[in-house]
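**Q** If you're matching them up, the sequences are chains A and B in order.
Under our numbering, the first residue of the first sequence is numbered 4, with each subsequent residue one higher.
Under our numbering, the first residue of the second sequence is numbered 4, with each subsequent residue one higher.
Think of the hints as simulated: they come from the structure by calculation, not from any bench.
A couple of the hints might just be wrong.
[Stated by the list, open to error] Distance condition first, Cα-Cα at most 27 Å in a straight line; then the derived BS3-like pairs of lysine-lysine: (1) A:K99 <-> B:K26; (2) A:K179 <-> B:K27; (3) B:K150 <-> A:K211; (4) B:K179 <-> A:K26; (5) A:K26 <-> A:K7; (6) B:K150 <-> A:K203; (7) B:K7 <-> A:K179; (8) B:K211 <-> A:K150; (9) B:K26 <-> A:K179; (10) A:K179 <-> A:K114; (11) A:K203 <-> B:K112; (12) A:K112 <-> B:K203; (13) B:K179 <-> A:K179; (14) A:K27 <-> B:K179; (15) B:K203 <-> A:K203; (16) B:K61 <-> B:K116; (17) A:K114 <-> B:K150.
2 protein chains.
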Amino acid sequence: MKRKGILVVVSGFSGAGKGTLMKKMIQDYDNYALSVSMTTRSPREGEENGREYFFVSKEEFEEKIRQDGLVEYASYCDHYYGTPKEYVETQLAAGKDVILEIEIQGALKIKEKFQTALLLFVMPPTAAELKRRLVGRGTETEEVIAKRLRRAGEEAQGMEHYDYIVINDDLDECTKELHSMICAAHHTPRRSGELMENMKRELDQLVKGEK
Amino acid sequence: MKRKGILVVVSGFSGAGKGTLMKKMIQDYDNYALSVSMTTRSPREGEENGREYFFVSKEEFEEKIRQDGLVEYASYCDHYYGTPKEYVETQLAAGKDVILEIEIQGALKIKEKFQTALLLFVMPPTAAELKRRLVGRGTETEEVIAKRLRRAGEEAQGMEHYDYIVINDDLDECTKELHSMICAAHHTPRRSGELMENMKRELDQLVKGEK
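Next comes chain A alone, as it looks inside the complex:
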């Protein structure tokens, strides 16, 4: 029986280390595919089309919406952000677990559409460590740091909607832990419907054969 892929949604505070973690997942294991979002905002310095985002015009994005070509989408600060459907579906069908980084509202929308999606919330070991990481980047103003902390406080309210809370203390450890969670998720009854049905049918046939 071919294993079907799981849509793995990763959320977490800015500064939790999601990006690095996801890159390492792709690097260390061969069962993952990374979904790249589509946006109408302009690329920042160093960002590449197709790597950080697919950068498209507002017209192209709205055409995607009309074609029902997005798993979910939202708009922030006058820009659209969304998840192209085709890549996700192709990879899932090929048995890949598709990892998708997305904030909490999008994550909950996906959970509604994909009952078998796995929602992971990544956070640093303590709030003090989160602040240290945000400050440590050295690239952000006091104001941006304060804003991110407030945003983290808001996002923390939604943690209980996730399947797992992942503490990113040590990158290697955390990568292994994430991988274990995703492997385990393949064995929940919700994701093992076919397996359970086969077993029930086979047992039924054997029992009849014994009579």
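Given the coordinates of chain A, assemble chain B onto it according to the supplied hints.
**A** Quick look at chain B alone, frame taken from chain A:
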């Protein structure tokens, strides 16, 4: 923060290899404690008091029930079977994950009492393999094998109430998989209440400090 133990309930068809699997879990990892059931039935050849079961009289068992000293109990074929509460609670408080082998009715009772219990259902890769194992023991009559297959068919109806379905194909692989599932389970929101509350409180304090 000290990690609290999880009560791990293992069920599965007779012939699924639960016993061997649990022994290997205890052997390979140091975070597990095995709960031993109490029964009023007589020990069979080779069974040892305190290893397979605690063998007690009907009066002793009923006294335990009156003292509320059992996590759950049931009676089959005129004999009582139950799980002594004290051992389970002591080990959980010490941070051990307590493994308990029990059939489906008992498992569901435990799930009602212990919201954070983890229910695992072990099965062989196919029904044909299950039959092969039952026959292969060479110790059972045709009639007993037929009865166990019928019983497996009945138990299969309850699989979807479990948290995970575990395929016991290769013992080493399956042991690792079980261990991963239990490790992952420690990170569900249901079992991370304290961690989430701490993070929310700390973030709240930091945000206030920034103002």
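**Q** Checked against the structure, which of the hints given earlier come out wrong?
**A** The structure conflicts with hints 1, 15 and 17, although it agrees with all the remaining ones.
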